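Peer 1: I would like the entire structure built from these sequences, with the hints used as guidance.
Residue numbers (the numbering used here): 172 to 432.
The set of hints was computed from the structure by calculation and includes no laboratory data. Watch out, some of these pointers could steer you wrong.
[Unchecked claim] Using 25 Å as the maximum straight-line C-alpha spacing, the simulated DMTMM-like pairs for lysine to aspartate or glutamate come out as follows:
hint: 1; residue 1: K197; residue 2: D210
hint: 2; residue 1: K298; residue 2: D359
hint: 3; residue 1: K298; residue 2: E284
[To be verified] Simulated restraints, written as ranges between beta carbons of each label pair:
hint: 4; residue 1: Q249; residue 2: K356; range: 40 to 50 Å
hint: 5; residue 1: P274; residue 2: G364; range: 38 to 48 Å
hint: 6; residue 1: G275; residue 2: E231; range: 34 to 44 Å
hint: 7; residue 1: K220; residue 2: N417; range: 35 to 45 Å
hint: 8; residue 1: E312; residue 2: N336; range: 35 to 45 Å
hint: 9; residue 1: Q246; residue 2: V315; range: 17 to 27 Å
hint: 10; residue 1: L219; residue 2: S273; range: 38 to 48 Å
Please read all numbers here as calculations on a predicted model, not as lab measurements. The beta-carbon is built from N, C-alpha and C at its ideal position, and this holds for glycine as well.
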Amino acid sequence: MAWCFVSPASRGIGFALTRHLLQTTKAPILATSRSNTEDVRNSLLDGLKNVDVDRLTVLELDCVDEFTISTAADQARQMFPPETHHLRLAYAIPGVLHPERSPGQIDSHHALESFKVNTIGPLLILKHFCDFLPRKNAVLEGEVGLPERAVYASMGASVGSTSNNIMGGWYSYRASKAGVTSLAKSFDLYLQGVSGDNAISIAQHPGSVKTELSRDYWDRVEEDKLFSPELAAEKLVGVAGSVGLNGRGKFWDWRGEEVKP
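Peer 2: What follows is the structure, given as structure tokens:
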């Protein structure tokens, strides 16, 4: 049986992804929040019609606290035993932005936080949740609204592309997001060995999205290129289901176009 994972899901894109999957799939969904899990669950379900509320579980998980990650994974193992279940679609997407316009603005605390949240956090989530993905010998059945094979998606950013960097600045954010792309590739090479064609890893870029992370920059984005979280979620899931085996280990934007590292 297939299930989905979204971490974190308390706001922004993760919140929208969880609601999108509740409405477009039949699979159980495990979402996470650093705190107030019951309130987050109620918010995620608010206003949704014809949705089985029992499909949604929200667990406590802080991406910079490995104990909470391992505890959530243990709880997931009880809910979804790997012998009978497999993780079909995962979004490990914690993020924080501390923009620096010049080297003199680099703050060691903020820079370390950028790497802890944007790069190390997803890496630790991967460590504890990778074994839920299907192995080579698994037989996957078609699932409404989900990719034909398991997809483990991380959240990259276009500014994390070294080859596309023509503006400079945002030193810690750029570097931490470049790390996300690298991790997606390394993890996919691992999956080729243990999962074969049954699971792939990708990084995704959602475009400019109207979330708190980007609030200070909304007025710099053309109106038709500033997406709602709901539209971003729809596009992300669509791309995840369409890239196929030829797209594994790569970095994809919301249009389904590859972003070079």
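Peer 1: If you check the beta carbons of Q246 and V315, does the distance land in 17 to 27 Å?
Peer 2: Roughly 26 Å apart at Cβ, these two residues keep to the hinted range, so it holds.
Peer 1: Tell me if the beta carbons of Q249 and K356 are separated by a distance inside 40 to 50 Å.
Peer 2: violated, 32 Å
Peer 1: What's the verdict on K298 and E284, does the C-alpha distance respect the 25 Å limit or exceed it?
Peer 2: Given that 25 Å is the threshold and the Cα spacing comes to 19 Å, the pair holds.
Peer 1: Given the hint of 34 to 44 Å, check if G275 and E231 actually sit that far apart at their C-beta atoms.
Peer 2: holds, 38 Å
Peer 1: Go ahead and decide if the range 35 to 45 Å is satisfied by the Cβ distance of K220 to N417.
Peer 2: Holds: the Cβ-Cβ distance is about 38 Å, inside 35 to 45 Å.
Peer 1: Take a quick look at whether K197 and D210 sit within 25 Å of each other, Cα to Cα.
Peer 2: Judged against 25 Å, a Cα distance of about 23 Å means the pair holds.
Peer 1: Note whether the CB distance of L219 and S273 lies within 38 to 48 Å or breaks it.
Peer 2: Since the Cβ atoms of L219 and S273 sit about 46 Å apart, the hinted range of 38 to 48 Å holds.
Peer 1: Is it true that the CA of K298 sits at most 25 Å from the CA of D359?
Peer 2: holds, 13 Å
Peer 1: So does E312 sit 35 to 45 Å from N336, Cβ to Cβ?
Peer 2: holds, 43 Å
Peer 1: For the range 38 to 48 Å, tell me whether the beta carbons of P274 and G364 fit it or not.
Peer 2: holds, 41 Å
The structure fails hint 4 only (numbered hints given earlier).
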